[in-house]
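A.B. asks: Order-wise, the sequence lines are chains A and B.
Under our numbering, the first sequence is numbered contiguously, ending at residue 341.
Under our numbering, the second sequence is numbered contiguously, ending at residue 602.
There are no misleading hints in this set.
Pairwise CB distance ranges (calculated):
#, chain 1, residue 1, chain 2, residue 2, range
1, A, N185, B, L579, 44 to 50 Å
2, B, R595, A, I6, 39 to 45 Å
3, A, L14, B, F398, 38 to 44 Å
4, B, S351, A, I273, 54 to 60 Å
5, A, N326, B, I429, 53 to 59 Å
6, B, I365, A, V21, 22 to 28 Å
7, A, P94, B, I378, 30 to 36 Å
8, A, I16, B, I365, 25 to 31 Å
9, B, L579, A, K75, 20 to 26 Å
For the record, the hints were derived by calculation from the structure and aren't laboratory data.
From a predicted model like this one, the values you see are computed outputs, not experimental measurements.
Each residue gets a CB set at the ideal place from its N, CA and C atoms; glycine is no exception.
Listed below are the residues making up each chain.
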Amino acid sequence: MQKLIIFSTIGAILLITCFFVLNQNKEELIIFHAGSLTKPFDDLEKEFEKRNNIDVKREIAGSIATIRKITELGKKADIIASADYTLIEDMMYPEYANFCIKFAKNKIVIAYTNKSAYKDEINEKNWYEILKRDGIRFGFSNPNDDPCGYRSLMVIQLAEIYYKNDKIFDELIEKNSGIKSMERNGKFIIEVPPTAELNINTDKIAMRSAEIDLMATLETGDIDYLFIYRSVAYQHRYSGVYFIELPEEIDLSNPSFVDVYSKVVVNFSTGKIIEAKPIVYGITIPLNAQNKDDAINFLILLLNETGQKIFEENGQIPIVPAICDNIENLPIQLRKYVVEK
Amino acid sequence: MKERILIYMSILGGVAVIFIALPIINVFASVGIDGIIEAMKDKNAINAIIVSFEAAFFATLLSLIFGVPLAYILARKDFPGKSLIESIIDLPVIIPHTVAGIALLMIFGSNGLIGAPLEEFGVKIVDSMLGITIAMMFVSMPFLINYAREGFEAVDPRLEYIAMSLGATKTKAIFSITLPLSIRSIFVGSLMTWARAISEFGAVVVIAYFPLTAPSYIYSQYLQYGLKKSAPIAAFLLFICIVIFISLRIASTRWKRYDKD
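Chain A with its partners taken away, still in its complex shape (with noise of 0.2 Å):
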C-alpha cells in the first residue's frame, strides 16, 4: 500500500509538472504569415523582442493555408500577413478581421543558379525563348495554393502582350499542363483545374505547393528557373541565387501599369476569380487576436522607420505610407501610420 502511494505521488507528481511546463503563460505573440516574409520578419522579430519582454511566435505557411488555420482550424492568432492583401479581404471579412493595412510591394523576377543552363543568354528580352528549350526545367508554386503561382501565370500571359508573342503562354504553360488561357473582349482568361486535374509535364515544370518550397530545387539544380517573389530571390543571393528582373509592364510591381494588367483574370475550379493586380502584401489584427496591446506595437514596429529599413534590407519596397481600407476600424494608435484608401 505505501509503494503504490509513492509511485502515485510520483505520477501525480509528473504529470502536473508536465502540465504546467507545457502551460507555460509567458507573454507572448503569435504571428501567421507568408512564406515570402519569412526573412523581413525574422529581423522584426529580432527587433521587438529587443524592445519588448514578449515572446515572438511565428507560424509560416502560404498565404492561403495561413489565414485558412484562422477561418477553418479555428487557430488563434494576433497577426496575420498574407503575400496578396486581397486575400484578407476575401477570406477574413467580416468575421475574422475588418481592416487591412497594404504595408509593402513586391515583384516576380526569375531565378537561377551557376547550375542553370543558359543563364549566359538569358535576359529580360528572351527569357521565354530560353524557357521553352528543351532541357530546360522550370518552377513556379501550385496557383491553387499560393499567390506566387497565379501571379506567375499572369507573368506569362501578360508577356504574350508585351512581346507581342501570341504563342508564349502556350508553349510554356498550356502544353505542358492543363492550364489554359483564352481571351474574350479583349481579356485573357487563365482557367486553372483542380490541382489533381493539372496533369503537369514534370519534365518542363516543377510544381509546389508553395514558391518556398521550391529554392531547394533550384539551389539543387533541379529546375533551372525559377518565377518567384523579388526579395525572396534577392534574400538568397548569398547562396548563389541570381535573378533577371522583368519589364515592370508584367511583373506586377508598379501601381500605374494597373490597367495593363488588369488585362489579365484566373479563374479557379473553386469559382474564385482573381484578376491581376499590382503585389501588395496585407496585414490584419484578427478579431479574435488575444494579444491586441503587442500586436499593435509590432504593427508601429513594422510601420515605422524601422521596420521600412527591415523590408528594404531584404529587398522588398515598403509602402510609405502604408494604405488602410477601413480606418474606423484600425487600432488609433496606428492611424498616424497609415493613409486611408
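Assemble chain B onto chain A, guided by the hints.
C.D. replies: Leaving out everything else, chain B in the frame of chain A:
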C-alpha cells in the same frame, strides 16, 4: 485485493486509449457516412490513395530486401562500430521531415551523387513514383529493421547451432529455423513500415509533389476548399488503413504459435 495495481494500470491505460482513439473517432463523427461515401466517389482521391498505397508497398518491399539481412547481422553479431550503425538507422525517425526531403533531394536530384548518373540512364526520381518511394523508404525503413532485429534476437541462437549440428547449412538453419520463428516480428515490422510510409508528407512533397499522394491531395483540397472537402477524404483514407491494419493484425496472430514463449 492483491491485484489492485492492475486496476490502476487499467485506468491509466484507458486514458492512453482514449487519447489516441478520440480524435480519430471524432473525424468519423464529424464527417459521417455520407461524407465518406462522397469521398469514395471522388476519382482523384481514389487515384491519390492508390499512388500512396503503391509507393508504400514498394518502399516496404525494398526495406524488406535490404533491411532484414541487416537486422539479422545486428541481432547476431558484435562488431566494432555496431552502435554507430544502430544510431544511423534510427536517424530518419529523428530528422524533421522537410530536412529529410531536402537531404534526399541533394543526393537523388538531377545533380545529386546518385540522381545525376541515374538521369543519364533516363531514370527520373524528382516528381516521380520512384521519388515518392525513396522518400517513404527513407523515413520508414528504421521500423522494419528494428522490429526484425527484435524478432531475431528473440530466437535463441542455439536453435540454429542444433540445426547445424544435425547437418543443416547456415543458410538452411536461418531459413528453416530463425526466419519462421521471427516471421511475426518481420510481418508486424512490415506493417508499421507500410503505415509510416503512407503517412509521410513532409519528405515526399519536397522530392515529389506529383504524382499526388493521398496526404498531398488532402492538403491541396484543404487549401482550395477548406476542411469541408478535405476531412471526408482524410476519413476515407483512415477507414481503409484501419481495415487493412486490423485484418492483417488478426491474420498475423496465427503465427503467434511460432513465438518463443
